[in-house]
Amino acid sequence: MPVKDIIEIVFHGRGGQGSVTAANLLVSAALADGNKGVQAFPVFGAERRGAPVRAFARISENEINLRSEIYYPDIVIVQDESIIGLVDITKGLKENGRILINTTKKPSDFDFSDKYGVATVDATGIAIKHDILVGGIPVVNTPILGAVPKILDKVTLKSIQASVKNKWKGELAEKNVRATQDAFGEVEVNF
Amino acid sequence: MTVMIDTGNYIAAKAAVMAKPDVVAAYPITPQTTLVEGIANYVASGEYKGEYICVESEHSAMSACIGSSATGVRTFTATSSHGLLLMHEMLHWAALARLPIVMCNINRVIGPGWNIWADENDSISQRDTGWIQFYCSSNQEIFDTIIQSFKIAEHEKISLPIMVNYNAFILSHTSMPADIPRQKEIDDYLKRYRPQWNLDCDNPITFGNIIGTEHYEKIRRAMQDAQENALRIIPEVAKEWKKLFGRFHGDLIEKYHCDDAEYILFSMGAIGAESKVAIDNLRSRGIKIGLARVRTFRPFPAQEIQNLAKNADLVVIDRNISIGYEGALFTEIKAALYGKSDAKVSGFIAGLGGKDVTFTNIENICKRAIDGKTKGSTWYGFEGAN
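Order-wise, the sequence lines are chains A and B. Using the working numbering, the first residue of the first sequence is number 1, and each one after it goes up by one. Using the working numbering, the first residue of the second sequence is number 1, and each one after it goes up by one.
Accuracy of the hints is not assured; some may be wrong.
[As the list claims (entries may be wrong)] Below are the DSS-like pairs computed for lysine-lysine, each with C-alpha atoms no more than 30 angstroms apart in a straight line:
1) B:344 / A:36
2) B:288 / A:36
3) B:255 / B:344
4) B:355 / A:94
5) A:154 / A:91
6) B:157 / B:239
7) B:184 / A:167
8) A:36 / B:239
9) B:367 / A:94
10) A:165 / B:49
11) A:175 / A:106
12) B:239 / B:310
13) A:36 / A:4
14) A:154 / A:169
15) B:49 / A:169
16) B:184 / B:49
17) A:36 / B:243
18) B:239 / B:340
19) A:4 / B:355
20) B:355 / A:91
21) A:4 / B:288
22) B:49 / A:167
23) A:106 / A:36
24) A:4 / B:255
25) A:167 / A:150
26) B:355 / B:340
27) B:20 / A:167
28) B:375 / B:288
29) B:355 / A:36
30) B:184 / A:36
31) B:375 / B:255
32) B:344 / B:334
33) A:4 / A:115
34) A:169 / B:184
35) B:334 / B:255
36) A:91 / B:367
37) B:367 / A:4
38) B:242 / A:36
39) A:165 / B:184
In case anyone wonders, no lab produced these hints; they're calculated from the structure.
Produce the entire structure from the sequences given, and follow the hints as far as they go.
Structure, rendered in structure tokens:
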């Protein structure tokens with residue numbers, strides 16, 4: 001049974017893509033936006049680099065007493081498009097649920113777009129454009145967060161950017177902030 | 001006061017450092033590792049100015065803490081699972097020597113088979129060492145309990161070590177917000193530790209020598225008296241904390257909707273928080289049920305449990321099992337009620353090995369107990385049937 005008054009978010013990514021960091025940045029922003037109850041946590045255990053992984057976030061106006069994993073999310077964020085097909089990303093997604101995908105495709109290109117709200121943004125392209133690379137690999141976790149305020153009104157872009165600046169310093173922070181700005185501007189939605 | 005959003009372990013590290021222990025001696029073990037890593041970061045930044053001793057095992061960690069605390073200075077450590085078990089001998093030593101060491105234990109499975117997830121068998125199996133045991137259900141409670149524990153452990157009527165337990169990953173690696181008081185407020189609350197005795201190089205004396213049965217019995221009796229004092233002092237400390245900082249997590253037990261309850265659910269740790277959601281849902285369907293989240297397993301709050309059982313049948317969830325019998329909390333609650341109550345008590349084992357326990361699972365447990373479909377101790381969901 002779903003829980004009332006709590007927005008539950010599942011991040012799908014690959015080990016090393018910073019899904020847990022993304023969840024933490026998002027809930028820090030949500031807290032700053034006045035949501036008193038927030039939580040961010042990994043799938044408990046030992047993750048492997050490159051393997052499909054999940055992270056979770058909860059956002060509420062009140063203190064959250066839930067301590068279990070998320071089975072019926074309101075929002076699914078897919079950091080790596082290649083996971084779709086390997087993992088059933090719509091599993092448990094609520095009827096009016098929304099899916100944000102890092103992809104060069106449009107929302108209508110996904111067959112679940114007639115059933116769910118779908119948002120797409122090329123976070124990989126944005127990461128490359130802003131030179132957000134680790135070991136030559138684009139890091140998409142921060143850029144994709146810029147698109148979240150377009151699918152969730154409880155979090156503002158301003159707070160997400162403040163969270164980014166709180167986590168990193170100097171030019172690294174600035175280019176991540178610019179990336180979130182681009183994602184916010186470029187995201188396409190089918191709703 | 002500032003709001004810090006971080007994992008249970010990093011918030012525990014913050015609390016430990018703000019309590020200004022003179023010595024931290026620890027050995028890393030998953031899932032405790034990020035806690036001692038957090039303290040190491042405070043050493044690097046200069047925020048922690050005490051002595052931080054990296055040792056070669058948990059037995060050595062507790063031995064170093066005993067040496068430190070015996071010289072009369074505030075001492076902190078942290079461990080988990082097999083680390084706690086390796087300390088076992090020295091846990092008894094610390095308690096018998098009446099040393100007010102505060103230690104976080106991140107409840108984790110005991111192997112083999114190897115598993116790093118939440119399970120309370122590690123600390124439950126240290127029940128008889130003489131340590132006071134707290135079980136926390138939120139990151140805020142972890143922070144508050146660590147600070148309070150120094151006050152309680154160092155209280156002249158107690159002088160016993162305290163284990164602050166919280167579930168692996170479910171709390172240790174989950175970010176949640178916690179209000180952090182200013183350092184000045186903590187300093188005012190937690191005065192410098194004044195030991196009743198201590199090792200002193202200038203005035204050498206011998207401890208740990210052979211003593212006769214009569215005196216040994218007195219030592220044990222004094223420990224028991226100290227634990228019984230804690231039954232009174234822990235609620236006083238909780239009340240004072242509420243007055244000073246506005247937060248209250250319960251005293252020996254956190255009670256939620258117990259006043260008119262016909263049924264009361266007992267649980268500990270993170271399951272105790274999730275249980276509140278189950279209680280809300282069951283109440284919305286007209287079932288008069290409350291929650292009693294046990295915060296102190298030692299000292300055991302027998303009197304409070306007797307009071308709660310006056311008008312209600314009890315349901316108990318254990319994230320542990322005493323193999324060959326049943327869940328430890330279930331056993332203890334029934335013993336507390338012997339001859340004082342005819343309340344029906346149903347016991348359930350759930351969440352071993354870190355298996356997720358959802359509010360839906362907890363509602364089903366309560367419904368099964370209320371419907372009278374269980375007898376004695378039940379392994380919940382063991383055959384996949386929830």
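Tested hints:
Simply put, residue 344 of chain B and residue 36 of chain A have alpha-carbon atoms about 39 angstroms apart, too far for the 30 angstroms limit, and the pair is violated. For the proposed pair residue 288 of chain B and residue 36 of chain A, the alpha carbon gap of about 29 angstroms is at most 30 angstroms, so the pair holds. A C-alpha spacing of about 19 angstroms is found between residue 255 of chain B and residue 344 of chain B, which places the hinted pair at or below 30 angstroms, so the restraint holds. With a CA separation close to 24 angstroms, the supplied pair residue 355 of chain B and residue 94 of chain A stays within the 30 angstroms bound.
Taken as a hint, the residue 154 of chain A and residue 91 of chain A pair is honoured in the structure, with Cα atoms around 23 angstroms apart against an allowance of 30 angstroms. A hinted pair counts as satisfied when its Cα atoms are at most 30 angstroms apart, and residue 157 of chain B with residue 239 of chain B qualifies at roughly 18 angstroms. At most 30 angstroms may separate the alpha-carbon atoms for a hinted pair to count; residue 184 of chain B and residue 167 of chain A meet this at roughly 26 angstroms. At roughly 24 angstroms between alpha-carbon atoms, residue 36 of chain A and residue 239 of chain B fall within 30 angstroms of each other, so this suggested pair holds.
For the hint linking residue 367 of chain B to residue 94 of chain A, the alpha-carbon distance of about 26 angstroms falls within 30 angstroms, and the restraint holds. The straight-line distance between the Cα atoms of residue 165 of chain A and residue 49 of chain B is roughly 28 angstroms, inside the 30 angstroms bound, and the hint therefore holds. This hinted pair checks out: residue 175 of chain A and residue 106 of chain A have alpha carbons roughly 25 angstroms apart, not beyond 30 angstroms. Proximity of residue 239 of chain B to residue 310 of chain B is assessed by CA-CA distance (about 25 angstroms); at most 30 angstroms being required, the pair is judged to hold.
About 15 angstroms separates the Cα atoms of residue 36 of chain A and residue 4 of chain A, which keeps this hinted pair within 30 angstroms; it holds. With a C-alpha separation of about 26 angstroms, the suggested pair residue 154 of chain A and residue 169 of chain A falls inside the 30 angstroms cut-off, and the hint holds. Of the supplied pair hints, the one linking residue 49 of chain B and residue 169 of chain A holds, its CA atoms being roughly 26 angstroms apart against a limit of 30 angstroms. For the hint pairing residue 184 of chain B with residue 49 of chain B, the CA-to-CA distance comes to about 16 angstroms; that is within 30 angstroms, so the pair holds.
Note on residue 36 of chain A and residue 243 of chain B: the hinted pairing holds, with a Cα-Cα distance of about 22 angstroms set against a maximum of 30 angstroms. Using a Cα cut-off of 30 angstroms, the hinted pair residue 239 of chain B and residue 340 of chain B holds, with the two alpha carbons roughly 28 angstroms apart. Between residue 4 of chain A and residue 355 of chain B the CA atoms are separated by roughly 24 angstroms; this keeps the pair inside 30 angstroms, and the hint holds. Annotation: proposed proximity of residue 355 of chain B to residue 91 of chain A holds, straight-line Cα distance about 20 angstroms (limit 30 angstroms).
Between residue 4 of chain A and residue 288 of chain B the CA atoms are separated by roughly 21 angstroms; this keeps the pair inside 30 angstroms, and the hint holds. The hinted pair formed by residue 49 of chain B and residue 167 of chain A meets the criterion: a straight-line CA distance of about 25 angstroms does not exceed 30 angstroms. At most 30 angstroms may separate the alpha-carbon atoms for a hinted pair to count; residue 106 of chain A and residue 36 of chain A exceed this at roughly 35 angstroms. The suggested pairing of residue 4 of chain A with residue 255 of chain B holds, with an alpha-carbon distance near 23 angstroms, which does not exceed 30 angstroms.
For the proposed pair residue 167 of chain A and residue 150 of chain A, the alpha carbon gap of about 22 angstroms is at most 30 angstroms, so the pair holds. Straight-line distance between C-alpha atoms of residue 355 of chain B and residue 340 of chain B comes to about 35 angstroms, which puts the hinted pair past the 30 angstroms bound. Only pairs whose Cα atoms come within 30 angstroms are accepted, and residue 20 of chain B paired with residue 167 of chain A is accepted, the gap being roughly 26 angstroms. For the suggested pair residue 375 of chain B and residue 288 of chain B, the alpha carbons sit about 21 angstroms apart, so the restraint of at most 30 angstroms is met.
Using a Cα cut-off of 30 angstroms, the hinted pair residue 355 of chain B and residue 36 of chain A holds, with the two alpha carbons roughly 28 angstroms apart. A C-alpha spacing of about 25 angstroms is found between residue 184 of chain B and residue 36 of chain A, which places the hinted pair at or below 30 angstroms, so the restraint holds. Note on residue 375 of chain B and residue 255 of chain B: the hinted pairing holds, with a Cα-Cα distance of about 25 angstroms set against a maximum of 30 angstroms. For a cut-off of 30 angstroms, the pair hint linking residue 344 of chain B to residue 334 of chain B stands: about 9 angstroms separates their Cα positions.
For the hint linking residue 4 of chain A to residue 115 of chain A, the alpha-carbon distance of about 22 angstroms falls within 30 angstroms, and the restraint holds. About 29 angstroms separates the Cα atoms of residue 169 of chain A and residue 184 of chain B, which keeps this hinted pair within 30 angstroms; it holds. With a CA separation close to 19 angstroms, the supplied pair residue 334 of chain B and residue 255 of chain B stays within the 30 angstroms bound. A distance of roughly 27 angstroms separates the Cα atoms of residue 91 of chain A and residue 367 of chain B; the hinted pair therefore holds under the 30 angstroms criterion.
About 21 angstroms separates the Cα atoms of residue 367 of chain B and residue 4 of chain A, which keeps this hinted pair within 30 angstroms; it holds. Annotation: proposed proximity of residue 242 of chain B to residue 36 of chain A holds, straight-line Cα distance about 19 angstroms (limit 30 angstroms). The hinted pair formed by residue 165 of chain A and residue 184 of chain B meets the criterion: a straight-line CA distance of about 28 angstroms does not exceed 30 angstroms.
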